[in-house]
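**Q** Single-letter residue listing:
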Amino acid sequence: MVVNAALILVGGIIIYFLIYYFRVKWVDKNMMKCDASRATPANVYMDGVEYFPTNKFVLFGFQFKSIAGLAPVVGAITAAVLWGWLPALLWILIGNVLIGWVQDYFSCMISVRNEGKSFGPLSYELIGPRTRNILMIFLVFYLILIMAAFASLAAGMLKTSINSIFPTAAVLLAGILVGLVVYRMKMNPFVGTAAGILLIAAGTYAGGFLPVTVTDVNVWLAVLLVLCLIAALTPIWSFTQPTIYMFFYVVFFGLIALIATLIFGHPEYIRTDYTSFFAGAAVMPLWPLLFVTIACGSISGWHSLVSSSATSKQIENEKDVAPVTAGSMLAEGALALVALSIVATLSIADTTGADGNQLTAAGIFSKGASALLGGSTMASAYVGLIFIALALAVMMLVVRLGRLTINEIGGEKVPLFKNKYLAAVLFLLVTFILASPTFGGTWIYIWVLFGGSNQLMAGLALMIITIWLLETKKNWMISGIPGVFMIVTTIAALGYASYQSLTRGFAPPISPGNIVAGLIGVILIIAAFIMCIDIYRAFGRTRNMKIAK
Amino acid sequence: MDSHKDGKKGLASIKSAIRDFVYGMAAHDMVTYSLRTRMHMENLFMLIVMGDMLGIPVLPPYYSLRLLPHVVPHVKTWKRTLLRDRDVTDRMFGG
Chain A
1 MVVNAALILV GGIIIYFLIY YFRVKWVDKN MMKCDASRAT PANVYMDGVE YFPTNKFVLF
61 GFQFKSIAGL APVVGAITAA VLWGWLPALL WILIGNVLIG WVQDYFSCMI SVRNEGKSFG
121 PLSYELIGPR TRNILMIFLV FYLILIMAAF ASLAAGMLKT SINSIFPTAA VLLAGILVGL
181 VVYRMKMNPF VGTAAGILLI AAGTYAGGFL PVTVTDVNVW LAVLLVLCLI AALTPIWSFT
241 QPTIYMFFYV VFFGLIALIA TLIFGHPEYI RTDYTSFFAG AAVMPLWPLL FVTIACGSIS
301 GWHSLVSSSA TSKQIENEKD VAPVTAGSML AEGALALVAL SIVATLSIAD TTGADGNQLT
361 AAGIFSKGAS ALLGGSTMAS AYVGLIFIAL ALAVMMLVVR LGRLTINEIG GEKVPLFKNK
421 YLAAVLFLLV TFILASPTFG GTWIYIWVLF GGSNQLMAGL ALMIITIWLL ETKKNWMISG
481 IPGVFMIVTT IAALGYASYQ SLTRGFAPPI SPGNIVAGLI GVILIIAAFI MCIDIYRAFG
541 RTRNMKIAK
Chain B
1 MDSHKDGKKG LASIKSAIRD FVYGMAAHDM VTYSLRTRMH MENLFMLIVM GDMLGIPVLP
61 PYYSLRLLPH VVPHVKTWKR TLLRDRDVTD RMFGG
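Residue numbers (the numbering used here), protein chains in the order written: chain A, 1 to 549; chain B, 1 to 95.
Same shape as in the complex, but just chain A (with noise of 0.2 Å):
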């Protein structure tokens, strides 16, 4: 099947306003009774630091940011070339549709309705105070594997796009120096900005001419895995953020050019649209590999972490809750589909390599990216930037939150584990172990692992949410039956995904990689089990006290 790309895109985008404007507009006025003269959080707890009514377009910038990173993109293309891009497509918009925007609404909604309270807190009173150490877990896997699929990712792409490695010397530069500049000089932020965007331009141009060849992917592995230890162990104003404040204008202006490149190049899906139930040589079933590949861009659990523990703190009124949440959601679904088309507009041949298998995501991403800009080597370079930066924004705040939460839950047991270089080590150390290629991790599975953790989570949010829902007597199956369906369909993929995973890495040559991911996913299947455990009993005890009522 042949379709244009702009049609998908502008029509998914449609199926998006309509969906808020009838569903999400119903829901919120006549369901949740939104009332903009209620106080929020943000008016009653006012301390101008953490909570504070924000402007709900500013509110939204914010929230968008923090949930779309690399995953849509990279789960949007895995998709698309295990199954086709159809069987993709219609999970993009069908998962957003009915389960997305409800977990990021509703995960604003109840926060915003008790105090700003937090989901780890909400799973304590509404479930049980194991429910909340279960959360940590899943947490904790997340933030490991997240950063594994991304270092492998980001570490091939540094070695495959030759031209890309001087702009992003540049970014990294031009990062130090906007802290140097907004914090040290203390001199207008728009001065470092202009400068910083210069120097990316200059780096970009000079890249173009300027190629940078290391082989070996473990090389790349070790500089990025030491960019993210010294984002984690200096002060974040110094580099972390003045970094991945730089790396938004090069995603920016990237993002800008590829929209308007496939709304008006007319470029077609010419990739096969349905592949088979069980695809690629790994034998990957649909049902249940699809729902967990396409994590963001769905329904993701990271979201319902975001609306709860820094968004609900700053809505200005209730009224603002649907725009900057379920907004933010179907937002980043329009994202999902800007990564489907550029994997579709290219077809089977397009993406296998020299040895005959198929490209990785951020390979596929770069040779459909770069050709819907022109193809030119400067296209190419600049496209490999907006990759690496997505993956390097990610992963430098992940490895400061994995030693932060290494610090907080294990410190509580092991006193060792307080110190936070032992923790952002051990952390970067367990990433090594999965993504380098010399212990055999599969990334396939380490990126299904992933978004099974993240699923978990999404489905631990939206059943808070049903149990919610029903203390306050509203429809909770609104919440309830994605809720059951994400966190079946998880374990099956998660169960999946660790006996491959196991069954590889003590297949001879024995692979560390697979059986530290194989172990991972057991621990995340015995913790969704205790899990399903708690969730019913509490189900069942909110069920009873509002029959005796």
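Just so you know, these hints were derived from the structure itself, not from any lab.
Errors might be hidden in some of the hints.
Below, a list of computed lysine to aspartate or glutamate pairs in the EDC-like style, where the Cα atoms sit at most 16 Å apart [to be verified]:
(1) A/LYS319 with A/ASP28
(2) B/LYS79 with A/ASP47
(3) A/LYS549 with A/GLU471
(4) A/LYS418 with A/GLU408
(5) B/LYS76 with A/ASP47
(6) B/LYS76 with B/ASP20
Just the calculated beta-carbon pair ranges, DEER-fashion [unchecked claim]:
(7) B/VAL22 with A/GLY265: 36 to 46 Å
(8) A/ALA169 with B/VAL22: 36 to 46 Å
(9) A/ASN30 with B/ALA17: 21 to 31 Å
(10) A/PHE52 with B/PRO57: 31 to 41 Å
(11) A/ILE14 with B/ALA17: 19 to 29 Å
(12) B/PRO61 with A/MET31: 17 to 27 Å
Every residue, glycine too, gets a C-beta built ideally from N, C-alpha and C.
Chain A is fixed; fit chain B onto it per the hints.
**A** Chain B only, in chain A's frame:
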């Protein structure tokens, strides 16, 4: 004339929305981080001035008394911020 004015107003609100959106994506987290850094510094300042409250006379009473009028209006917010139970999920976003 009115429609021209309305059109101008509408354009201005669209421009303002786009500016806010870009600011939200690019710099909102940097600004909130700076605010948090200031909060931690102010917590230390409060502790120095109000140390007597906890039985820790950090500053000589003369200076404490001079600073008290600046500090007292913020005591309620300060206490609430310090006493609020924070989860890892809160700390992840800088709380």
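**Q** With reference to the structure, classify each hint as holding or not holding.
**A** Status of the hints after comparison with the structure:
Taken as a hint, the A/LYS319 and A/ASP28 pair is honoured in the structure, with Cα atoms around 8 Å apart against an allowance of 16 Å. With a C-alpha separation of about 11 Å, the suggested pairing of B/LYS79 with A/ASP47 holds against the 16 Å cut-off. For the hint linking A/LYS549 to A/GLU471, the alpha-carbon distance of about 11 Å falls within 16 Å, and the restraint holds. Of the supplied pair hints, the one linking A/LYS418 and A/GLU408 holds, its CA atoms being roughly 7 Å apart against a limit of 16 Å.
Using a Cα cut-off of 16 Å, the hinted pair B/LYS76 and A/ASP47 holds, with the two alpha carbons roughly 10 Å apart. A hinted pair counts as satisfied when its Cα atoms are at most 16 Å apart, and B/LYS76 with B/ASP20 does not qualify at roughly 32 Å. The hinted window of 36 to 46 Å between B/VAL22 and A/GLY265 is violated, with their beta carbons roughly 25 Å apart. The beta-carbon spacing between A/ALA169 and B/VAL22, approximately 26 Å, falls outside the hinted interval of 36 to 46 Å.
In this structure, A/ASN30 and B/ALA17 meet the distance hint of 21 to 31 Å, their C-beta atoms being roughly 27 Å apart. At roughly 34 Å, the beta carbons of A/PHE52 and B/PRO57 sit within the given window of 31 to 41 Å. Look at A/ILE14 against B/ALA17: about 20 Å separates their beta carbons, and that is inside 19 to 29 Å. Checked against the hint of 17 to 27 Å, the pair B/PRO61 and A/MET31 fails, with Cβ atoms roughly 58 Å apart.
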